[in-house]
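Engineer: Now for the letters of each chain:
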Amino acid sequence: MNVFRSFTAGLKELLRRDKTESELNEELNAYLQNAADAKVQAGATPEEALRSARLEMGGMESVKHQVRTAGWESALEVFAQDVRYGVRILLKSPLFTAVALTTIAIGIGANTAMFSLVDAILLRPLPYPDPQRLIVVGTHQRDESGMSAMGTADFLAWRDHQHSFEQVAVLDGAGSSFALSGMGAPEQIPGVGVSANFFSIFGVAPLKGRGFNPGEDLPGAPGVVVISEQFWRDHLGSDPEVLNRTLTLNGKQHTIVGVMPAGFRFPSRRPVDVWAIHTLNPPTSRPPYGLIALGRLKPGISIRQAEAELDQIAAQVTAQFPSSQELVGVMMPMKEWMVRDFSTALLVLLGAIGLLLLIAVVNVANLLLARATARQREVAVRMALGASRKRVVRQLLTESAVLSLLGGVLGLLLAWLAVRAFLAFGPGQMPRLNEVGINSGVLLFTFVICVGSGILFGLAPAIEISRPSLADPLKDTTRSSSPASAHRTHRALLVFEVALSLLLMIGSGLLIRSFVRLSDVNPGVQADHVITAAISLPNKYAEPQIQQFWQQFLEKAGALPGVKAAGITMSLPPNLLEITNPFTVEGQGYDRHRQSQLAEEMSVSPDYFRALGIPLMKGRFFSPSDRVAGEKDPMIVIINETMARQYFKGKDPIGRRIQTGDPDPKSPWETIVGVVGDVKYSGLDSAPGPTIYVPYNENAWAGWAREMYLVVRSTGNAPDLVPAIRTQLASMDSTLPLAQVHTMEELLDESLVQQRFRTWLISGFAALSLLLSAIGLYALISYSVSQRTREIGVRVALGAQRSNVLGMVLKEGLQLLMFGLLLGLVGAFSATRIMRSLLYSTSATDALSFIATSLTLVAVALLACYIPARRATKVDPMVALRYE
Amino acid sequence: MAEKNTALVQGTLDMLILKTLALESMHAHGIGLRIEQISQGVFQVNPGSLFPAFKRLERAGWVNSEWRATENNRRAKYYVLTASGRKQLKSETRDWKTQSVAIARILEA
Chain Y
1 MNVFRSFTAG LKELLRRDKT ESELNEELNA YLQNAADAKV QAGATPEEAL
51 RSARLEMGGM ESVKHQVRTA GWESALEVFA QDVRYGVRIL LKSPLFTAVA
101 LTTIAIGIGA NTAMFSLVDA ILLRPLPYPD PQRLIVVGTH QRDESGMSAM
151 GTADFLAWRD HQHSFEQVAV LDGAGSSFAL SGMGAPEQIP GVGVSANFFS
201 IFGVAPLKGR GFNPGEDLPG APGVVVISEQ FWRDHLGSDP EVLNRTLTLN
251 GKQHTIVGVM PAGFRFPSRR PVDVWAIHTL NPPTSRPPYG LIALGRLKPG
301 ISIRQAEAEL DQIAAQVTAQ FPSSQELVGV MMPMKEWMVR DFSTALLVLL
351 GAIGLLLLIA VVNVANLLLA RATARQREVA VRMALGASRK RVVRQLLTES
401 AVLSLLGGVL GLLLAWLAVR AFLAFGPGQM PRLNEVGINS GVLLFTFVIC
451 VGSGILFGLA PAIEISRPSL ADPLKDTTRS SSPASAHRTH RALLVFEVAL
501 SLLLMIGSGL LIRSFVRLSD VNPGVQADHV ITAAISLPNK YAEPQIQQFW
551 QQFLEKAGAL PGVKAAGITM SLPPNLLEIT NPFTVEGQGY DRHRQSQLAE
601 EMSVSPDYFR ALGIPLMKGR FFSPSDRVAG EKDPMIVIIN ETMARQYFKG
651 KDPIGRRIQT GDPDPKSPWE TIVGVVGDVK YSGLDSAPGP TIYVPYNENA
701 WAGWAREMYL VVRSTGNAPD LVPAIRTQLA SMDSTLPLAQ VHTMEELLDE
751 SLVQQRFRTW LISGFAALSL LLSAIGLYAL ISYSVSQRTR EIGVRVALGA
801 QRSNVLGMVL KEGLQLLMFG LLLGLVGAFS ATRIMRSLLY STSATDALSF
851 IATSLTLVAV ALLACYIPAR RATKVDPMVA LRYE
Chain S
1 MAEKNTALVQ GTLDMLILKT LALESMHAHG IGLRIEQISQ GVFQVNPGSL
51 FPAFKRLERA GWVNSEWRAT ENNRRAKYYV LTASGRKQLK SETRDWKTQS
101 VAIARILEA
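In order, the protein sequence lines correspond to chains Y and S. Position 452 (the first sequence) corresponds to 452 in our numbering; numbering is contiguous. Position 107 (the second sequence) corresponds to 107 in our numbering; numbering is contiguous.
Be aware that a few hints might be false.
To be verified - No farther apart than 30 Å at their CA atoms in a straight line, the calculated lysine-lysine pairs in the BS3-like style are these:
hint, chain 1, residue 1, chain 2, residue 2
1, Y, K64, S, K97
2, S, K97, S, K87
3, Y, K12, S, K97
4, S, K90, Y, K298
5, Y, K12, Y, K540
6, S, K19, S, K87
7, Y, K666, Y, K651
8, Y, K64, Y, K19
9, Y, K252, Y, K556
10, Y, K12, S, K19
11, S, K55, S, K97
12, Y, K298, Y, K64
13, Y, K64, Y, K39
14, S, K55, Y, K390
15, S, K55, S, K77
16, S, K97, Y, K39
17, S, K90, S, K19
18, Y, K92, Y, K390
19, S, K55, S, K87
20, S, K19, S, K97
21, Y, K39, S, K90
22, Y, K666, Y, K649
23, Y, K618, Y, K540
24, Y, K666, Y, K564
25, S, K87, Y, K39
26, S, K55, Y, K19
27, Y, K64, S, K55
28, S, K87, Y, K12
29, Y, K64, Y, K12
30, Y, K208, Y, K252
31, Y, K540, Y, K252
32, S, K77, S, K90
33, S, K90, Y, K564
34, Y, K649, Y, K618
35, Y, K92, Y, K208
36, Y, K540, Y, K556
37, S, K90, S, K55
38, Y, K19, S, K77
39, S, K19, S, K77
It should be emphasised that the hints constitute simulated quantities derived from the structure, not laboratory data.
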C-alpha cells in the first residue's frame with residue numbers, strides 16, 4: 001500500500017474533520033434511500049421500505065465508527081483523547097499527582113544527571129580524530145599492574161626504534177607548574193612540559209598560531225610556549241596580537257607561538273594554562289622514571305603487538321644499563337588511562353541511582369494500584385458498555401505515560417540544576433569535566449527511562465484493574481474492596497522495594513564505614529598549626545646557589561615572630577610524593593631479579609621533622625651542623641619505622657648502612673642516623689612502606705632542591721604567617737611566587753574529596769530510598785487497615801483486645817519486611833563485591849554495615865507500620881459496623 | 001442473521017468489490033446488492049464492512065469516487081475502478097485461483 005498516500009489522506013481527514021463527517025453522513029443517507037427504493041420497487045410501501053432498510057443497516061453510529069477507525073489517524077485521535085482524559089484525572093486528585101510527580105521527577109532527574117556524567121566521562125569517545133588509536137605508554141616491572149612512568153633512556157630508544165606508531169610524544173609526568181613573573185605579582189600557573197610533536201599526536205588545530213615545530217625541543221632552542229584559551233582570556237585579555245608576545249616562566253623568556261581551543265585539555269584532571277617544551281637530555285642512567293609517553297598507533301596494529309615491540313626495546317635498554325631492573329612495556333588506550341580510577345565509582349553511582357529510580361517506580365506503581373482499586377467501578381462500567389480490555393489497558397497506560405513524561409520534564413530541570421551544581425561545587429579533579437553537559441544523547445536516555453518507567457509503573461495496575469470480572473464491582477455499591485490479586489501484586493512490589501532500599505543502604509553503609517576509617521587514619525604528622533606552600537627556583541640559580549638560597553631563607557623564616565619551626569621537603573603528605581627509589585641494605589646482595597624493593601625518598605631540611613611534628617623514635621634528626629658528605633664525611637639518612645621494622649628486624653638500625661638506586665656494589669654507602677615515625681606520603685589509603693630522608697644540601701640532591709615545599713609550624717593561627725613569609729621571600733627574590741598555600745589540615749581534607757563526595761551521594765540516595773520505602777509501607781498498611789475496618793470492628797465486638805488487633809495488623813507489615821530483608825541481604829552479598837575497590841580496609845561483606853543498616857531499615861519500617869496499626873486499634877465497633 | 005453462512009472469507013471483500021466495479025462504476029448499495037445477487041444470496045455484505053472497505057480502497061488508490069445522480073434521480077457516491085485498481089484485481093484474482101485450487105486439492109486428497 002502506498003504509505004505516503006495513506007499518510008496524506010489521513011492527515012487531510014484530521015484537518016477537515018467536519019467535511020469528512022458530513023460527507024459520510026450524506027453517503028450513508030443515500031445508501032438508506034437506495035435500499036428503500038429497491039424495496040419499494042419490490043412492492044413494499046415507502047414507510048415499510050425505509051423501516052426495514054434501517055433495520056438491515058444496523059446502528060448508523062456503529063457504521064460510522066467502523067469507517068472512522070479504518071484509517072491510521074483514528075489511533076492518534078484515541079491517543080489524544082486518552083491524554084486529555086488522563087490529564088483530567090490527574091488534575092482531579094492533586095495530592096496524588098503531586099506525590100507521584102515529585103517521586104518520578106527525583107528519580108528521573110537524578111538518573112539523567114548521573115548519566116550525563118557517565119556519558120561525558122566514560123562513554124563518549126575522546127574529542128580527537130580516530131581517538132581509539134591514541135595510546136598512553138609506560139614501562140613497569142613484569143609483575144606490576146597499572147601504568148608506570150617511563151625513563152628518558154627507554155623513551156629515546158623506543159622513539160628511535162619503534163614501528164608500531166605513526167608518531168610518539170612525551171610529557172613530563174610530574175605535571176609541574178611554572179612560576180610566571182613580569183605580569184604583576186609573581187604567581188604559579190599550572191602547566192606541563194611536552195615534546196615538540198605533542199599537539200600533532202592529537203590532531204587538534206590551534207585556535208591561533210601553531211603548535212611546536214620539530215626541533216624546538218632540542219637543547220639550546222629558544223623558549224617557546226603554547227597557551228590555553230582560558231589563560232589567553234584571563235591573563236592576556238584575549239589580545240588578538242597575542243602571538244610573539246613573551247611570558248617569563250621560571251625566570252626565562254618564552255615566546256607564545258599558539259593558543260589551544262577551549263575544548264583541548266590534556267592532561268585532563270586539572271586545568272593546564274601553558275604547554276612548554278620538555279627537553280630530553282641524553283641520559284646517564286636509566287632512572288628516574290618520570291615521563292608519560294603518548295602515541296598514535298598505525299592503523300591495523302594492535303596494542304598487544306605494540307607492547308611486544310616495546311618489551312624488546314626495553315630489554316635492549318636493560319642490557320645497556322646492566323645494574324637497572326628489567327622492565328616491560330605497558331600500554332593503555334588514552335581514554336581508559338584518563339578515567340582510570342573513576343570508572344568504578346561512576347558505575348557504582350549510576351547503579352545506585354538506577355536502584356533509586358526502580359524504588360520510585362515501585363512506589364508510584366503502588367500508589368496507582370491503590371487508586372486503581374478505587375476506580376474499579378469506573379472501569380467495570382466502561383467494559384460493560386463494550387470497551388475491550390485492550391482498550392482499557394491502553395487508556396490506563398496512556399495515563400501513566402502522561403505522568404511519567406511530566407515527571408521527566410521536571411526531572412530534566414532538576415538534572416540541569418544538579419549538573420550545574422556539580423560542576424560548580426563538586427570535586428574538580430575529574431577527567432573530561434569540560435565535556436559534561438545535557439546533550440541529545442542524554443535527552444534520549446531521559447526519554448527512554450521516562451517511557452520505560454511509565455510502562456513499568458502503569459502496567460501492573462492496568463492489568464489488575466481490567467481483569468474481566470464485571471459483575472463484582474458493579475453489584476457492590478458501597479464498598480470498593482480490592483480483589484485479592486491486586487493486594488498480592490501490591491505486596492510483592494513492596495517486598496521488592498524493601499529489598500532494593502536495603503541494597504542501597506548497605507552500599508552506603510559500607511562507604512560510610514570505609515570513609516570513617518579513612519578519616520581516622522593517622523597521617524603521621526601533627527596537622528594543626530601548620531602552613532605549607534611551594535617555592536621553585538628558576539634556572540638562573542645554579543646548583544650551589546640553590547643550597548645557599550634555602551639556607552638563608554630558612555634561617556630568616558625560622559626567626560620570624562610566631563614561627564616555631566620552618567623546614568623544606570620534596571614531598572608532602574598525604575599525596576604529594578615525588579619519587580620512589582630502589583635501595584639495598586648492607587649485606588643483602590645485588591641480585592637484580594630480586595623482588596623490587598622501593599622506598600619513598602625525599603630530601604628535607606633539618607627542621608622539617610619538627611615543623612610537621614614527625615616523632616623521632618631513635619637516633620637523631622639532621623642538624624645544620626651536619627657536614628656535606630665528602631671524602632671523610634659519609635652520607636647520612638633517616639629512615640622511618642616501617643623500614644626499620646621490615647629490614648632490620650629488631651636490631652638497632654642506627655649506624656647501619658644502605659645504598660640507594662639500582663643494586664650496584666659501587667653505589668656510595670649512606671649511614672642511618674635516625675628513625676622517625678611513619679608518614680602517609682602516597683595517600684591516606686596507602687599501606688605504610690619504607691621511607692628514606694636525606695639532607696637537602698647533599699650534593700647528589702641539589703638538583704631536586706629546585707622545587708621544594710615549605711612547611712612552617714606556627715605558635716598561633718598558621719595562615720596569619722603567610723604575609724610575613726611572602727615579604728621574606730620577596731626580599732630575597734621578587735620574581736619568586738609563594739604558590740599552593742594551604743594549611744596541612746586543608747591538604748588532608750582535600751585528599752578525601754572524592755571519597756567524601758561519593759559517600760555523601762550514595763548516602764543521600766540511600767536515605768531517599770529509605771524514605772520512599774517507608775512511605776510505601778505506610779501507605780500499604782493504612783490502605784489495608786481501611787479495607788479491613790469492618791472486619792476489625794467485628795473482631796473488637798467479639799472481644800478482641802487492642803493488642804490482638806495491633807499484632808494482627810503489624811504481622812502483615814512484618815511479613816513483608818522480613819521477605820524484603822532476606823531478598824535484600826542476598827542481593828547485597830552478591831552485589832557489593834563490585835564496590836571492593838572503593839572501600840578502604842572494609843570488607844565488601846562487612847558485618848557491622850550489614851547489621852546496622854538492616855536494623856535501621858527495620859526500625860523505620862516498623863514505625864511506618866505502627867502508625868496505621870495504632871489507628872486500627874481505635875476502631876469503634878459500632879461505627880465500623882454502621883460503615884456499610 | 002445467519003451470519004455463519006453469509007460471512008465472507010477474511011480479506012476477500014476488497015477483491016469482490018474491485019471485481020464488481022470492473023464491470024461498471026456503482027454506488028454503495030448497488031455494490032452490496034450485486035455481490036449478493038451474483039453469489040445467489042450466499043454472501044450478504046452489511047454496511048458496517050462495506051464502508052470501511054471503501055475507505056481502505058480509496059486510500060490505496062484502487063478506486064476513486066464521485067457524486068452522481070442515480071437511475072431514481074437521487075444523489076449517490078459512485079465508486080470507479082482506477083488503473084492501479086485493475087492491476088490489483090488481476091493479481092489478487094490470480095493469487096486467489098492458485099490458492100483455491102491448492103485448497104481444493106488438499107480437501108479432496
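Engineer: Now tell me, hint by hint, if it's right for this structure.
Structural biologist: Verification of the supplied hints:
1. Y:K64 with S:K97: At roughly 34 Å apart (the allowed maximum being 30 Å), S:K97 and Y:K64 break the hint.
2. S:K97 with S:K87: Holds, because 16 Å separates the two Cα atoms, which is no more than 30 Å.
3. Y:K12 with S:K97: With a Cα-Cα distance of about 37 Å, the restraint between Y:K12 and S:K97 is violated, given a limit of 30 Å.
4. S:K90 with Y:K298: violated (62 Å)
5. Y:K12 with Y:K540: violated (83 Å)
6. S:K19 with S:K87: Status holds; Cα separation ~11 Å.
7. Y:K666 with Y:K651: Holds, at roughly 25 Å.
8. Y:K64 with Y:K19: Holds: Y:K64 and Y:K19 sit about 14 Å apart, inside 30 Å.
9. Y:K252 with Y:K556: Roughly 27 Å between the alpha carbons, so the hint for Y:K252 and Y:K556 holds.
10. Y:K12 with S:K19: The given pair, whose Cα atoms are some 28 Å apart, holds under the 30 Å limit.
11. S:K55 with S:K97: holds (26 Å)
12. Y:K298 with Y:K64: violated (69 Å)
13. Y:K64 with Y:K39: Cα-Cα ~23 Å, so holds.
14. S:K55 with Y:K390: Holds: S:K55 and Y:K390 sit about 25 Å apart, inside 30 Å.
15. S:K55 with S:K77: It holds: about 13 Å lies between the C-alpha atoms, which stays within 30 Å.
16. S:K97 with Y:K39: violated (35 Å)
17. S:K90 with S:K19: Answer holds: S:K90 to S:K19 is near 9 Å, not above 30 Å.
18. Y:K92 with Y:K390: Given that 30 Å is the threshold and the Cα spacing comes to 24 Å, the pair holds.
19. S:K55 with S:K87: holds (19 Å)
20. S:K19 with S:K97: holds (14 Å)
21. Y:K39 with S:K90: Cα-Cα ~34 Å, so violated.
22. Y:K666 with Y:K649: Roughly 26 Å between the alpha carbons, so the hint for Y:K666 and Y:K649 holds.
23. Y:K618 with Y:K540: violated (40 Å)
24. Y:K666 with Y:K564: At roughly 41 Å apart (the allowed maximum being 30 Å), Y:K564 and Y:K666 break the hint.
25. S:K87 with Y:K39: violated (35 Å)
26. S:K55 with Y:K19: holds (15 Å)
27. Y:K64 with S:K55: holds (11 Å)
28. S:K87 with Y:K12: holds (26 Å)
29. Y:K64 with Y:K12: Holds - the C-alpha atoms of Y:K12 and Y:K64 are around 18 Å apart, at most 30 Å.
30. Y:K208 with Y:K252: holds (23 Å)
31. Y:K540 with Y:K252: holds (8 Å)
32. S:K77 with S:K90: holds (25 Å)
33. S:K90 with Y:K564: violated (107 Å)
34. Y:K649 with Y:K618: holds (15 Å)
35. Y:K92 with Y:K208: It is violated: about 61 Å lies between the C-alpha atoms, which goes past 30 Å.
36. Y:K540 with Y:K556: It holds: about 22 Å lies between the C-alpha atoms, which stays within 30 Å.
37. S:K90 with S:K55: Holds, because 20 Å separates the two Cα atoms, which is no more than 30 Å.
38. Y:K19 with S:K77: The hint holds at about 15 Å.
39. S:K19 with S:K77: Measuring from Cα to Cα gives roughly 18 Å; hence the hint holds.
In summary, the numbered hints that this structure violates are 1, 3, 4, 5, 12, 16, 21, 23, 24, 25, 33, 35.
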